[in-house]
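Chains A and X are the protein sequences, given in the same order.
The opening residue of the first sequence carries number 13 in our numbering; numbering runs sequentially from there.
The opening residue of the second sequence carries number 11 in our numbering; numbering runs sequentially from there.
Heads up, a few of these hints could be off.
Stated by the list, open to error - Partial pick of chain X residues on the chain A-facing surface, computed with a CB cut under 7 Å:
1. 42
2. 59
3. 60
4. 104
5. 109
6. 111
Unchecked claim - Calculated pairs, DSSO-like style, for lysine-lysine (alpha carbon to alpha carbon, straight line, at most 27 Å):
7. 49/X / 128/A
8. 55/A / 118/X
9. 55/X / 128/A
Don't read these hints as lab results, they were simulated from the structure.
Heads up, the beta-carbon is just placed ideally off N, CA and C, and yes, glycines get one too.
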Amino acid sequence: EVQLVETGGGLIQPGGSLRLSCAASGFTVSTNYMSWVRQAPGKGLEWVSVIYSGGSTYYADSVKGRFTISRDNSKNTLYLQMNSLRAEDTAVYYCARDRGITIFGVVLYYMDVWGKGTTVTVSS
Amino acid sequence: DIQMTQSPSSLSASVGDRVTITCRASQSITNYLNWYQQKPGKAPKLLIYAASSLQSGVPSRFSGSGSGTDFTLTISSLQPEDFATYYCQQSYSTPMYTFGQGTKLEIK
Chain A
13 EVQLVETGGG LIQPGGSLRL SCAASGFTVS TNYMSWVRQA PGKGLEWVSV
63 IYSGGSTYYA DSVKGRFTIS RDNSKNTLYL QMNSLRAEDT AVYYCARDRG
113 ITIFGVVLYY MDVWGKGTTV TVSS
Chain X
11 DIQMTQSPSS LSASVGDRVT ITCRASQSIT NYLNWYQQKP GKAPKLLIYA
61 ASSLQSGVPS RFSGSGSGTD FTLTISSLQP EDFATYYCQQ SYSTPMYTFG
111 QGTKLEIK
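Could you put the whole structure together from the sequences, leaning on the hints where they help?
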């Protein structure tokens, strides 16, 4: 069964650091694009970061320079290192698999597998 | 940045109704548009990708259409399990995905 399980959330003080993990089963993380998406309490979905199968990484402006996405191929696990946390980073964090479909030679991506999420609360 | 605007923000409907949700992009995104359903306390679930392709396992009462800047998600006959929040998402400006603000579908 294809599955993603996030762990590592918790209560952290402003300015602190936290590392989220996303363990995959049923497929290989390193051969897929993998994203982190977050949802603040009562708000909509916000894309946070993606790591490509080739290793390139990209970030939303709101987290650039503070968050780092990475993966451990031997553990088939995705990570999100979050530093200099702010109150506005409080959210449920989801990891997701990005799938691509080629239409007329161009690739369109969509998130077809999601974890259940892990909650990060930044508060003093 | 490409902005995605959904309408309405909330909607009340009855079981059996036909419902349409609209998503508008701030610039043309051809067909790079996906739809997700999210129930309270749960992760989003992919419904439609590439504007009109139904994800495997999703009931055929869900359909998507549109191209360029204007898109719609239609539920042909609402079922009790369809009451949820729906999000559109553009993947034209990969990797900088953006989501719409969501449409909450409630029971009338």
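Failing hints, ascending? Those not satisfied: there are none.
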